[in-house]
Amino acid sequence: MEDQEIIKEFLIESSENLARLDQEMVELEQRPKDGGLLASIFRTIHTIKGTCGFLGFGKLEKITHVGENLLSQVRNGERDLTPHLVSLILEMVDAIKLELQAIESTGGESDSSREDLRIRLERACQQGAPGEASQPEEVPAAKAAAVEPPVAVKALEPASATAEAPVPRAAEGEAAARHSSVADSTIRVDVGLLDKLMNLVGELVLARNQILQFSARQEDATFNATSQRLNLITTQLQEGVMKTRMQPIGMVWNKLPRVVRDLATSCGKQIQLEMDGAETELDKSIIEAIKDPLTHLVRNCCDHGIELPDIRVRNHKPAHGRLSLRAFHEGGQVNIEIIDDGAGIDPEKVKKKALQKGLFRPEQLERMSEREAIHLIFQPGFSTAEQVTNISGRGVGMDVVKTNIEKIGGTVDLASRAGQGTTVKIKIPLTLAIIPGLVVMSGNERFVIPQVSLLELVRLEGEQGRRMIERIHGTPVYRRRGNLLPIAYLNEVLRLPGSGEGRDVINIVVLQAEDRQFGLVVDGIHDTQEIVVKPLGKQLKGLSCYAGATIMGDGKVALILDVLGIGLKSGVLSESRESQRTDSQVRDSDRDRQTLLLFRSGEYERLAVPLSLVARLEEFPRTKIERASGRAVVQYRGQILPLVPLAGVLGSHSMDLDERDPVQVIVFSDGDRRIGILVDQIVDIVEDVVVARQNASTPGLLGSAVVGEKVTDFLDLRAVIDHGGEWSGNDRSSAGKVTVMVAESSHFARGLVRHYLEMAGHRVVEGASVQDALDKLQRNRVDVVAVSLDLAGGGGAQLVERMRKVSGAGRTPVVALTDEAGGGNDNAAAAVARVFDDFQGKFDREAMLRSVERLASALAAGESLTETGLTRGVVR
Amino acid sequence: MQNHAFVDSNAAEHASHQYATFFVNDLFFGIEVLQVQEVLRYQEMTKVPLSPQVIEGLINLRGQIVTAIDMRRRLKLAPRDSSETPMNMVVRSEDGAVSLLVDEIGDVLSVRRDDYEHAPENTSRELREMITGVYKLEGKLLLVLDTERVLQAQAEA
Chain A
1 MEDQEIIKEF LIESSENLAR LDQEMVELEQ RPKDGGLLAS IFRTIHTIKG TCGFLGFGKL
61 EKITHVGENL LSQVRNGERD LTPHLVSLIL EMVDAIKLEL QAIESTGGES DSSREDLRIR
121 LERACQQGAP GEASQPEEVP AAKAAAVEPP VAVKALEPAS ATAEAPVPRA AEGEAAARHS
181 SVADSTIRVD VGLLDKLMNL VGELVLARNQ ILQFSARQED ATFNATSQRL NLITTQLQEG
241 VMKTRMQPIG MVWNKLPRVV RDLATSCGKQ IQLEMDGAET ELDKSIIEAI KDPLTHLVRN
301 CCDHGIELPD IRVRNHKPAH GRLSLRAFHE GGQVNIEIID DGAGIDPEKV KKKALQKGLF
361 RPEQLERMSE REAIHLIFQP GFSTAEQVTN ISGRGVGMDV VKTNIEKIGG TVDLASRAGQ
421 GTTVKIKIPL TLAIIPGLVV MSGNERFVIP QVSLLELVRL EGEQGRRMIE RIHGTPVYRR
481 RGNLLPIAYL NEVLRLPGSG EGRDVINIVV LQAEDRQFGL VVDGIHDTQE IVVKPLGKQL
541 KGLSCYAGAT IMGDGKVALI LDVLGIGLKS GVLSESRESQ RTDSQVRDSD RDRQTLLLFR
601 SGEYERLAVP LSLVARLEEF PRTKIERASG RAVVQYRGQI LPLVPLAGVL GSHSMDLDER
661 DPVQVIVFSD GDRRIGILVD QIVDIVEDVV VARQNASTPG LLGSAVVGEK VTDFLDLRAV
721 IDHGGEWSGN DRSSAGKVTV MVAESSHFAR GLVRHYLEMA GHRVVEGASV QDALDKLQRN
781 RVDVVAVSLD LAGGGGAQLV ERMRKVSGAG RTPVVALTDE AGGGNDNAAA AVARVFDDFQ
841 GKFDREAMLR SVERLASALA AGESLTETGL TRGVVR
Chain B
1 MQNHAFVDSN AAEHASHQYA TFFVNDLFFG IEVLQVQEVL RYQEMTKVPL SPQVIEGLIN
61 LRGQIVTAID MRRRLKLAPR DSSETPMNMV VRSEDGAVSL LVDEIGDVLS VRRDDYEHAP
121 ENTSRELREM ITGVYKLEGK LLLVLDTERV LQAQAEA
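Chains as they are written, first to last, in this note's numbering: chain A, 1 to 876; chain B, 1 to 157.
No wet-lab data here; the hints were simulated from the structure.
Ideal Cβ placement from N, Cα and C applies to all residues, glycine included.
Keep in mind that a hint or two might mislead.
Residues from chain B that face chain A, not an exhaustive set, calculated with beta carbons under 7 angstroms [as the list claims (entries may be wrong)]:
#, residue
1, T46
2, S51
3, L58
4, N60
5, R62
6, T132
7, G133
8, L137
9, G139
Distance condition first, Cα-Cα at most 27 angstroms in a straight line; then the derived DSSO-like pairs of lysine-lysine [claimed, not checked]:
#, chain 1, residue 1, chain 2, residue 2
10, A, K556, B, K47
11, B, K47, A, K541
12, B, K47, B, K140
13, B, K136, A, K541
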């Protein structure tokens, strides 16, 4: 079945090429030195030869093979192109054509052996071989141009005759009888032309709509009837033009049985290929785009997935491996599934490989779930094949597959169970140009939301409905089947008129962006439509909220919303990521992010502390506040919790303890010690990369940084606590705790790191530069040094070097603090590892603490007591 | 959608020195005629929320979506009276057509190279950035608009 398709394609392609070849041969006679022409002819013959060999047409292959040799001699300049040679080649071309016709009508090669032609070709080939004298009848090519090559004339067919060569044709009887061969039933059309047609049809649809609107108001029956007819024809035309760009996915699949068969044979495997849904249609551009990824995936399945027969039998599976391909439409997308019942992917093996290749660090891999580990194969430079075979496994594979699919707006998902097989699911849009979209209204403007991102619509009515949107510290959320869904108001995101609240009906469009969901409140919901996506001009490219624009039925332009862009802009996505993280592991890129609690106090509109330091957020009625030795306290969980009014520390005047009721308190704790800080209002919890830091001069503040695109002041927790009194509860015993030298030039970063360490009960000595750190190392007993790589006065490495020499603190373990989280660059990591005992991201609290404690305890345990004692003695 | 045709008797002779002219707040501008795709009456527009100020909206030009730039705002001039409707001067750019919203469309003029001069130093900075030079015509000055600059600055904005 599939072979028939391939042969058909081969026939169409070859007859096109041959038609061109006739013309090119004639041209070549006139310009024998034209390398480009010669190359083109050579290529055509070569292609036919190759395909014939592939399809098993041995006779054709033999003839074209000799022809190719002949041409290659000409191409290499070993012989000149004589009219005799041209005739011979044209004769060969005719023979090929006849054979092709035979194949088309009978499915096989003709009975005539064409042996004499082959022999003549071969002889010509040998005559022209290097070292042999030229044939006497060879004449300079220039003269040859004048000579009419008689054989060529005889052979030209009307179908392939070009305008240039309207030659009287000599009959090849059977061919003349047949009118429409396969080659005649199709034509190749430039896709650009189809695009243009598509545009024009779009315009026609708009004009038709206007006419229909107009005709609805008219009495004239003839006019109305004509409009209806126009309507019908336009619709059909639109469908037809759209169809011109659609091709069944079978076009790609047809080549696969052969690929699988050959692969199976060469690997000694038995693979049975099943295909389901080959008729599923896709836009031409998408078909082109998935061709290679699909072939690659299938190759991968055969090579890595399906096991050798004896292994399969041993594992109680049939010796025949099964590879099945499925394609189907679903939700405006095409789903393609590639399922094998092979060995599956072993997550441990993948992890081991990732470690070997230095893509990840052991602790990162440890945290990965099975699913995440399997998805590692999409990492660039990854291949688990133990052996690099010539089929696959050169490390340029799955990442390319993923990128190519994503480039056309698709997604790749992978599920695998060790021993049972692997399923790859690809989802791709039907077409790049036309997508279904939901039309919504907001602030009197129309917007289109791509259906792909749409999960469901929620309609809340009346007072009761309004109450269903609740707020967590000002952030609206909606309880959707027990889960909190963050809500954004489209009006607010786009700064359009009209308030999001106080309406009778609230329409929530529940959207999916990547792996997260959020609700978008709009003013109104219209219908869904097929829309033609048009790009925005470069002037608007910078706006992340829009994916493009489209033209609506009334001829007006409507913007297409970019769901991810809207989500990020409104902030709902960055916040919801926090909750997502509990079940999925911390992504690598998140590691240099910080989760911050934002709050307000007096004139300080935006203050922040790392959320990791915060124990609880509490609200107390004013009456609960009591006084103990002149300080504000509350009874809290059976303890007396000292309260520090932040406004007092920061010297801002506006906030008075007595004004607010209830009061907002941030509780910090360490073990059973607690302290509360009174603030005006909790604003938000954000996760962001902290950038653009600046040190502060105000006591109580560490400095400022940009968080969520706004300048935010960071609280100096120690200063605040120093000001506000003591911790509640028993002071944690400092036994077992460590003295850490934090050598970091940035006051801000130093402060944060100090926080982390102190909150964990460690003692901290600060060093602002290499010299400063060395001085303090002389004066203080330090167990562990945490040093920033970019420490002022020479850098972290320099400090270590001088520390080892000068102070004799040779054995004191050193943790390097890097700006980005851990691994990053492999080379850098290796360099760091040589000098330092460990390295960690500055703001990765957990990892840093663990690292410090581990080094300290290793030190305490002491491989060599004397050495440790010595070190301490010297450093004192 | 009425298209104004540009007619000039000397068209053939001075093809490269012809300017399609327009007014923005009494300033007289010209764009090389070959750069101009067409001129349209005021079209209904779709606003683009959050877009740079100078972008008035999007228009549907026979199925093509064209960004409209308000020349008054682009040149930092006083805003147009609400009663006045601007005209669309659609210019070709590498990135497709872009419409410039201007007050009034003038004739297509042929100019002589001799009358050309660079923009005087004392013109305002905003204006000087947007023009390549000046043609001294009888009774008035024709400012040659640097369309590339006009369009390019948008991307930065």
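We went through each hint and held it up to the structure:
| no. | hint | result |
| --- | --- | --- |
| 1 | T46 | holds, 4 angstroms |
| 2 | S51 | holds, 6 angstroms |
| 3 | L58 | holds, 4 angstroms |
| 4 | N60 | holds, 5 angstroms |
| 5 | R62 | holds, 6 angstroms |
| 6 | T132 | violated, 20 angstroms |
| 7 | G133 | violated, 25 angstroms |
| 8 | L137 | violated, 31 angstroms |
| 9 | G139 | violated, 35 angstroms |
| 10 | A:K556 x B:K47 | holds, 11 angstroms |
| 11 | B:K47 x A:K541 | holds, 15 angstroms |
| 12 | B:K47 x B:K140 | violated, 35 angstroms |
| 13 | B:K136 x A:K541 | violated, 38 angstroms |
Figure legend: structure checked against the earlier numbered hints; hints not met, in rising order: 6, 7, 8, 9, 12, 13.
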